[in-house]
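Asks: Per the working numbering: the sequence shown ends with 205, consecutive numbering throughout.
Calculated from the structure, these hints are not laboratory results.
Where hints are given, some of them may not hold.
As the list claims (entries may be wrong) - Think about it this way: if two alpha-carbon atoms lie no more than 25 Å apart in a straight line, the pair counts; the simulated SDA-like pairs of lysine to any residue are: (1) Lys90 to Ser75; (2) Lys156 to Ser75; (3) Lys156 to Gly99; (4) Lys156 to Ala188; (5) Lys156 to Leu172; (6) Lys90 to Asp109; (7) Lys116 to Gly184; (8) Lys116 to Leu77; (9) Lys90 to Ser79; (10) Lys90 to Arg71; (11) Lys90 to Ala102; (12) Lys90 to Glu157; (13) Lys90 to Arg192; (14) Lys156 to Gly184; (15) Lys116 to Glu91; (16) Lys156 to Arg192; (17) Lys116 to Asn180; (18) Lys156 to Gln146; (19) Lys90 to Ala173; (20) Lys90 to Phe74; (21) Lys156 to Arg71; (22) Lys116 to Arg192; (23) Lys116 to Gln146; (24) Lys156 to Thr100.
Claimed, not checked - So the derived label-pair ranges between C-beta atoms look like this: (25) Glu60 to Glu182: 21 to 31 Å; (26) Leu201 to Ser73: 12 to 22 Å; (27) Ile59 to Glu182: 16 to 26 Å.
In this text, a Cβ means the ideal position worked out from N, Cα and C, and glycines have one as well.
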Amino acid sequence: MEIEAFVQHVIDNERPSFSDLSSESIPQLANRLKEEADRYFRGTPAISLRLADTIIELGKLFNDISITALGTMARGDALRMFHRNDEAWQSLDLAGALYKEVGDPVGWARTRIGRLAICVEMNNVELGLQDAETARDIFRTYNELEKLV
């Protein structure tokens, strides 16, 4: 199945076929699903959550921890929009741990953006700010300046 058709099936709440996917197309598909999750997460978080869960499923199906981390991060962001902050915090924490497991500091730093947004509600301001400072240093080190908050 073509990537755009797969993505549209998920958006339309239709179960896409995973059997037609090749392992070579999975990273591109995961990134495309994440783009759509980001696009929907404020306006239609239910679609964003569905896209995130599909990314997680892809990561597990193809045994790719980086993709599982990407989906888990997207899931945490979507949960924030439902004000399910405990679950969001845990998802973002898990995504950060997965990114650390695969040695991806920028991925870890990206998970801290969402946690910073809910650290007050979670009564974790000090940790949120410490992590944000570390994330800022990582973004600067890796020249990912568009991610600075």
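Asks: With reference to the structure, classify each hint as holding or not holding.
Replies: Status of each hint after checking the structure:
1. Lys90 to Ser75: Within the cut-off at roughly 20 Å; holds.
2. Lys156 to Ser75: violated (30 Å)
3. Lys156 to Gly99: Judged against 25 Å, a Cα distance of about 30 Å means the pair is violated.
4. Lys156 to Ala188: Holds: Lys156 and Ala188 sit about 16 Å apart, inside 25 Å.
5. Lys156 to Leu172: With Cα atoms ~18 Å apart, Lys156 and Leu172 stay inside 25 Å; holds.
6. Lys90 to Asp109: OK: Lys90 and Asp109 at ~10 Å, within 25 Å.
7. Lys116 to Gly184: violated (29 Å)
8. Lys116 to Leu77: Holds: Lys116 and Leu77 sit about 14 Å apart, inside 25 Å.
9. Lys90 to Ser79: holds (17 Å)
10. Lys90 to Arg71: This hinted pair holds, its Cα atoms lying about 17 Å apart.
11. Lys90 to Ala102: With Cα atoms ~14 Å apart, Lys90 and Ala102 stay inside 25 Å; holds.
12. Lys90 to Glu157: holds (20 Å)
13. Lys90 to Arg192: holds (22 Å)
14. Lys156 to Gly184: holds (17 Å)
15. Lys116 to Glu91: holds (19 Å)
16. Lys156 to Arg192: holds (16 Å)
17. Lys116 to Asn180: violated (30 Å)
18. Lys156 to Gln146: holds (15 Å)
19. Lys90 to Ala173: holds (19 Å)
20. Lys90 to Phe74: Distance ~17 Å between Lys90 and Phe74 Cα, so the pair holds.
21. Lys156 to Arg71: Violated, at about 31 Å.
22. Lys116 to Arg192: Between Lys116 and Arg192 the Cα gap is close to 30 Å, so the pair fails against 25 Å, i.e. violated.
23. Lys116 to Gln146: Holds - the C-alpha atoms of Gln146 and Lys116 are around 18 Å apart, at most 25 Å.
24. Lys156 to Thr100: violated (30 Å)
25. Glu60 to Glu182: 21 to 31 Å: This hint is violated: roughly 44 Å between Cβ atoms.
26. Leu201 to Ser73: 12 to 22 Å: violated (39 Å)
27. Ile59 to Glu182: 16 to 26 Å: At roughly 42 Å between Cβ atoms, Glu182 and Ile59 fall outside 16 to 26 Å, so the hint is violated.
Comparing the model with each numbered hint stated earlier shows that hints 2, 3, 7, 17, 21, 22, 24, 25, 26 and 27 do not hold.
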